Amino acid sequence: MESSSNRLFSARDLIGFAVLIAIIFVVLPIALDGFRLNLFGKYLTYAFVAVGLVLCWGMGGILSLGQGVFFGLGGYCMAMFLKLEASTPENTSIQSTPGIPDFMDWNQLTALPAWWEPFNSLFITLIAVILVPVVFAFIIGVAMFRRRVGGVYFAIITQAFAAILTILIIGQQGFTGGVNGITDLRTLKGWDIRSEEAKEILYFVNGGLLIVCLVIAQYVRKSKLGRLLIAMRDQEDRVRFSGYDVASFKIFIFCLGAAFAAVGGAMFTLQVGFMSPTLVGIVPSIEMVIFCAVGGRLSILGAVYGALLVNWAKTSLSESFPELWLLGLGGLFIAVVMVFPNGLAGVYAEHVEPRLMALLGKSKAAAPDSAANETPAE
Amino acid sequence: MNVHNPNFLLMVEGLTVSFDGFKAVNDLSFYVEPNECRVIIGPNGAGKTTVLDLICGRTKATSGSVNFKGRELLSMREDQIVHAGVGRKFQTPSVYEDLTVFENLELSYPKGHSVFGALTFRRDDKVKTRIKEIAETIFLEDLLNDKAAYLSHGQKQWLEIGMLLIQDPELLMLDEPVAGMSVAERKKTAELLNRIIQDRSVIVIEHDMGFVADIATRVTVLHQGKTLSEGSMERVQNDPKVIEVYLGH
Amino acid sequence: MFSDYTMNELGAIFAMQGFAGLILFSVFVLMALGLAIIFGQMGVINMAHGEFMILGAYVTYLTSNLFADYLPSVFGLYFFVAMILAFIASGALGLFVEWVMIRHLYKRPLDTLLATWGLSLILQQVYRSVFGAREVGVSIPDWMMGSLPMTDMIEVPINGIFVMVLATGISLAVYFMMYRSSWGLQVRAISQNRMMADAVGINTAWTDRLTFGIGCGVAGVAGSAFTMIGSTGPTAGQLYIVDTFLVVVFGGAASLLGTIASAFSISQAQSIMEFFLSGSMAKVLTLLTVVGILMIRPQGLFTLKLRK
Chain L
0 MESSSNRLFS
10 ARDLIGFAVL
20 IAIIFVVLPI
30 ALDGFRLNLF
40 GKYLTYAFVA
50 VGLVLCWGMG
60 GILSLGQGVF
70 FGLGGYCMAM
80 FLKLEASTPE
90 NTSIQSTPGI
100 PDFMDWNQLT
110 ALPAWWEPFN
120 SLFITLIAVI
130 LVPVVFAFII
140 GVAMFRRRVG
150 GVYFAIITQA
160 FAAILTILII
170 GQQGFTGGVN
180 GITDLRTLKG
190 WDIRSEEAKE
200 ILYFVNGGLL
210 IVCLVIAQYV
220 RKSKLGRLLI
230 AMRDQEDRVR
240 FSGYDVASFK
250 IFIFCLGAAF
260 AAVGGAMFTL
270 QVGFMSPTLV
280 GIVPSIEMVI
290 FCAVGGRLSI
300 LGAVYGALLV
310 NWAKTSLSES
320 FPELWLLGLG
330 GLFIAVVMVF
340 PNGLAGVYAE
350 HVEPRLMALL
360 GKSKAAAPDS
370 AANETPAE
Chain S
0 MNVHNPNFLL
10 MVEGLTVSFD
20 GFKAVNDLSF
30 YVEPNECRVI
40 IGPNGAGKTT
50 VLDLICGRTK
60 ATSGSVNFKG
70 RELLSMREDQ
80 IVHAGVGRKF
90 QTPSVYEDLT
100 VFENLELSYP
110 KGHSVFGALT
120 FRRDDKVKTR
130 IKEIAETIFL
140 EDLLNDKAAY
150 LSHGQKQWLE
160 IGMLLIQDPE
170 LLMLDEPVAG
180 MSVAERKKTA
190 ELLNRIIQDR
200 SVIVIEHDMG
210 FVADIATRVT
220 VLHQGKTLSE
230 GSMERVQNDP
240 KVIEVYLGH
Chain D
0 MFSDYTMNEL
10 GAIFAMQGFA
20 GLILFSVFVL
30 MALGLAIIFG
40 QMGVINMAHG
50 EFMILGAYVT
60 YLTSNLFADY
70 LPSVFGLYFF
80 VAMILAFIAS
90 GALGLFVEWV
100 MIRHLYKRPL
110 DTLLATWGLS
120 LILQQVYRSV
130 FGAREVGVSI
140 PDWMMGSLPM
150 TDMIEVPING
160 IFVMVLATGI
170 SLAVYFMMYR
180 SSWGLQVRAI
190 SQNRMMADAV
200 GINTAWTDRL
210 TFGIGCGVAG
220 VAGSAFTMIG
230 STGPTAGQLY
240 IVDTFLVVVF
250 GGAASLLGTI
260 ASAFSISQAQ
270 SIMEFFLSGS
280 MAKVLTLLTV
290 VGILMIRPQG
300 LFTLKLRK
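Residue numbers (numbering that gives the first Met the number 0), protein chains in the order written: chain L, 0 to 377; chain S, 0 to 248; chain D, 0 to 307.
Everything labelled a hint here was simulated from the structure, so no lab data went into it.
What you are looking at is a predicted structure, and each value in this text was computed from that prediction instead of being measured.
Virtual Cβ for every residue (Gly too), placed ideally from N, Cα, C.
Mixed in with the good hints there might be a few duds.
Unchecked claim - Taking lysine to aspartate or glutamate pairs in the EDC-like style, the calculated list, with each CA pair at most 16 Å apart, reads: (1) K221/L / D123/S; (2) K110/S / D124/S; (3) K68/S / E32/S; (4) K59/S / D236/L.
Claimed, not checked - Derived contacts from chain D toward chain L, CB cut-off under 8 Å, selection only: (5) L109; (6) A114; (7) W116; (8) Q123; (9) Q124; (10) S279; (11) L286.
Based on the sequences and whatever the hints tell you, model everything.
Right, dumping it as structure tokens:
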């Protein structure tokens with residue numbers, strides 16, 4: 000046991016990863032047409048956020064209601080680059096100031112603001128996609144965790160940040176595109192991201208990046224830092240008096256979650272072709288928590304299924320029965336708290352896996368080595 | 000004023016903390032020698048636990064000084080105080096219920112305490128040997144792979160003591176280590192404590208007088224945040240002030 | 000930027016702006032009072048707080064329609080009946096929600112937050128199905144229309160004054176309940192030491208339910224008052240939630256006086272900044288300032304220093 004949980008992947012983890020990889024890279028591309036595949040690619044961008052939330056909230060007990068901020072910052076950084084590339088003087092010759100993004104022209108701006116300039120470079124943009132959200136998370140983290148703000152206070156303050164960023168983006172439409180967001184994105188270094196073929200490639204890139212994030216998350220989960228997070232969640236004082244600087248661990252995991260969310264946001268922009276404040280605010284941010292909760296707040300793989308399932312249900316239901324969707328989503332929030340605190344992963348571990356094992360004729364003893372982690376936060 | 004005297008490991012001088020005007024600890028001074036076992040006794044609300052909280056940084060002092068091996072603890076963060084060599088056990092057992100006994104001890108192992116260190120920490124043979132060694136000391140060698148949640152109250156107390164031992168602190172502070180234990184557990188704990196206080200200084204808060212007489216080098220009696228009496232067990236027991244406070248209540 | 004105005008005009012502008020700030024202050028106080036009881040005293044995060052207010056608003060809307068149809072002769076008085084009904088409706092829903100949901104989650108504050116968010120979504124949908132997606136407005140009684148001229152340049156709307164009077168009245172009522180009634184004493188006892196309160200014979204389970212119910216009822220009254228200055232839609236409650244929580248947290252969660260002081264400072268800051276900046280920037284700056292101060296002083300404006 001001591002040695003097995005010290006390995007990066009137990010047999011059980013390996014199977015889980017293999018199944019997920021098969022679903023993302025084989026099953027979905029074969030089963031779905033181009034349009035649906037792109038839609039699932041969009042859902043998977045939320046999985047990045049959900050995986051980050053497993054680390055922060057499920058393991059560390061830090062509930063952020065502002066993950067949309069990081070998702071949005073990553074997505075906006077990407078969108079700014081694409082918008083600049085789309086706004087060549089030729090494309091925008093009918094504007095009163097050609098060569099700047101259309102919404103700036105509509106808002107009587109006559110020159111590109113200085114802070115937009117760096118986004119002319121793809122290299123800087125790619126760095127900014129990660130760095131801007133992480134620096135922002137770092138500042139919030141240092142300010143809050145050093146002062147030992149946690150629990151519901153942290154949740155409320157991060158939610159306030161989601162509100163602030165939304166109001167700011169909508170209010171400063173000359174600089175941000177306002178409530179419509181940054182739209183009409185066309186090419187990435189000349190490569191048309193709107194074509195069927197590009198969308199398919201982006202889907203696989205997205206899937207690949209998600210697997211990378213999952214492996215990083217798995218490494219963190221299996222490292223001593225993962226056990227420390229659980230220890231901090233349950234007995235913060237004891238961890239502190241075992242000689243750990245608790246705040247630095249919280250800051251780290253919060254920044255890591257922000258980085259994951261930012262990658263998801265950037266991939267969202269690339270696959271969907273726009274970024275808008277409606278993806279940043281209070282409502283989308285708290286919905287991201289439900290993706291994680293449905294999957295199982297302690298299971299990084301579960302988070303991916305949670306994001307897929309909830310978003311798929313949202314698309315199917317809100318098209319045909321919009322009333323049902325909101326009731327269903329509301330019910331889902333209550334159910335994952337009161338009935339299934341461990342989400343899909345919990346249901347799987349309790350009901351499906353034992354039967355599966357019995358079917359395969361294996362002994363039950365091989366079961367969860369991660370059992371140590373399977374109790375809800377708080 | 001705050002010169003370190005090599006005869007003392009810990010020098011507490013003029014320690015005061017006030018909560019909205021109420022002085023829970025009031026101008027308290029005492030000195031702990033190397034390898035001494037100091038027991039703090041006193042009626043409820045005398046400020047015993049608060050004194051430990053102040054030394055380990057859990058509560059911020061209003062004024063005064065706590066000098067440990069020449070370093071001022073009052074300006075240090077909790078984890079820095081731990082690294083300076085001060086270990087603290089809480090009154091109610093606080094262990095990580097969701098982790099196994101092994102993992103509980105491992106997290107207290109004095110290596111990999113930074114973010115980077117925790118990410119790259121390897122569970123090598125040295126770590127395993129040390130954890131097994133400690134587990135034997137605290138009578139839990141057969142339960143290493145059990146979740147701490149399944150331990151009895153007394154076993155949790157031992158586990159927490161073990162988590163401190165693995166850090167090998169020079170000053171160990173124990174808050175009522177035998178409270179809530181069965182007679183058998185209490186006896187085993189006394190034996191355990193007697194063994195582990197040998198090579199270090201210890202500050203213990205305890206009510207059980209038989210137990211105190213058994214382990215104490217010196218006793219400090221606290222009353223309303225101040226020292227009422229200090230000295231050997233015998234001296235303190237015969238101090239009329241102490242008798243008045245304890246019986247007068 | 001002031002050169003275009005005469006001194007007189009400036010004075011009038013500041014007076015009007017100050018008055019607008021006072022109305023905003025009253026609105027904040029009304030929003031926050033119920034939450035100050037529930038979050039401040041019980042530590043429960045009720046994300047559906049806004050929806051409890053909206054319920055009060057809809058009850059007021061229904062009452063006004065009823066009076067218009069059946070009791071037109073006493074229509075001017077419907078609002079007072081509506082307020083009582085709003086308190087009862089929101090309070091009853093609060094009691095029910097506490098019994099079904101909240102009481103199982105007292106030890107899991109973050110989960111409470113998520114569950115009550117789910118509740119808020121459900122309530123929104125119910126409102127939409129029952130009352131329609133469009134915003135509804137009540138007919139304001141005649142005596143509440145129009146403005147009172149103070150000087151020839153300054154005039155204040157009567158409904159604004161009415162909301163201010165209401166806010167004062169409800170604050171006083173809550174104050175007396177919290178600090179002068181045996182229920183208030185029990186609530187404060189529980190918030191300080193639940194085990195001890197249990198041990199001395201306080202029925203903590205019932206007190207919790209009652210507290211939650213009263214907090215929701217006060218929210219309902221607040222919603223009722225809001226119909227006097229604006230219309231009501233199914234999702235209107237969500238707009239208030241961030242402001243309301245910040246007001247309560249900023250004031251120092253357990254302090255009623257702190258809640259009122261923080262409502263005052265936030266509303267004044269916002270309405271004064273609104274004069275100089277666009278509405279959205281004023282809001283952003285106000286929120287950022289509040290969050291910034293909370294980062295420096297997380298315990299809020301008013302707190303007791305306690306022995307752990």
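What hints, given by number in increasing order, does this structure fail?
Per hint list: zero violations.
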